[in-house]
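Model the full assembly from the supplied sequences, consistent with the hints where possible.
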Amino acid sequence: KAGVTQTPRYLIKTRGQQVTLSCSPISGHRSVSWYQQTPGQGLQFLFEYFSETQRNKGNFPGRFSGRQFSNSRSEMNVSTLELGDSALYLCASSLVPLSKKLNQPQHFGDGTRLSIL
Amino acid sequence: AQSVTQPDIHITVSEGASLELRCNYSYGATPYLFWYVQSPGQGLQLLLKYFSGDTLVQGIKGFEAEFKRSQSSFNLRKPSVHWSDAAEYFCAALVSGGYNKLIFGAGTRLAVHP
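Protein chains in written order, with my numbering: chain A, 1 to 117; chain Y, 1001 to 1114.
Bear in mind the hints are in silico, worked out from the structure with no lab data behind them.
The hints are all genuine.
Residues from chain Y shown here face chain A by an in silico Cβ test under 7 Å; the list is partial:
| id | residue |
| --- | --- |
| 1 | Leu1044 |
| 2 | Leu1046 |
| 3 | Phe1051 |
| 4 | Leu1102 |
| 5 | Ala1106 |
Simulated DEER-style distance windows between Cβ atoms:
| id | chain 1 | residue 1 | chain 2 | residue 2 | range |
| --- | --- | --- | --- | --- | --- |
| 6 | Y | Gly1062 | A | Gly42 | 18 to 28 Å |
| 7 | Y | His1113 | A | Arg113 | 22 to 32 Å |
| 8 | Y | Lys1068 | A | Gln18 | 42 to 52 Å |
| 9 | A | Arg73 | Y | Gly1041 | 18 to 28 Å |
| 10 | A | Arg73 | Y | Gly1097 | 19 to 29 Å |
| 11 | Y | Ile1060 | A | Ser51 | 25 to 35 Å |
The calculated SDA-like cross-link candidates involving lysine to any residue, where the alpha carbons are at most 25 Å apart (straight line), are:
| id | chain 1 | residue 1 | chain 2 | residue 2 |
| --- | --- | --- | --- | --- |
| 12 | A | Lys100 | Y | Leu1048 |
| 13 | A | Lys57 | Y | Ser1096 |
| 14 | A | Lys57 | A | Gly3 |
| 15 | Y | Lys1061 | Y | Asp1008 |
| 16 | Y | Lys1068 | Y | Ser1018 |
| 17 | A | Lys100 | Y | Lys1068 |
| 18 | A | Lys101 | Y | Gln1038 |
| 19 | Y | Lys1061 | A | His29 |
| 20 | Y | Lys1061 | Y | Leu1048 |
| 21 | A | Lys57 | Y | Asn1024 |
| 22 | A | Lys101 | A | Asn71 |
| 23 | A | Lys101 | Y | Arg1022 |
| 24 | A | Lys100 | A | Asn71 |
| 25 | Y | Lys1061 | Y | Gln1045 |
Every residue gets a Cβ at the ideal spot worked out from N, C-alpha and C, and that includes glycine.
This is how it looks when you write it as structure tokens:
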């Protein structure tokens, strides 16, 4: 069974540009959640999608947006990039949403490392 | 303000010793609580989660966590640590609002001595 696939693995952008990251979940998983990890801010939750609907959302500005397609693949978009957006972006998939009272595992991808120059 | 605190930034234990990693949350109600582990070889993994009911939760890799409402704590434990447990551990709380959001602690880095 293929794991969670994130593309691209590495990305270099400049300030002001926009970027789209992709996450393909494990087959059959309908929940995809996104996380940002930086040395300064640590691990932060961006948002979660389940069945194409945003279910949960962290405290990030509107420049950070996402969507989920009918095949459960998800994309995250960041517009007007800032230096502080340099980070490792992780996505995870699961059968059920985070808030579901079921002990289903989450599977994480290896992440996309985004560098802003 | 809603927050998750992991008081210990670094912990070192000897292989075979018991382990307890501390986590405290600040939230009006009882949130859903999670423990994650991140290691270079295996990336980020969900160890266990607590919703309600039995306050002792069993997870993967021999870990367990105990929820204590009176102390607003959700400490992670393992009876006997293995060298492969060396990693960074994150506690998180899912708190409700207009949207639910997952709040992470700063993490505890565990080193294991042979």
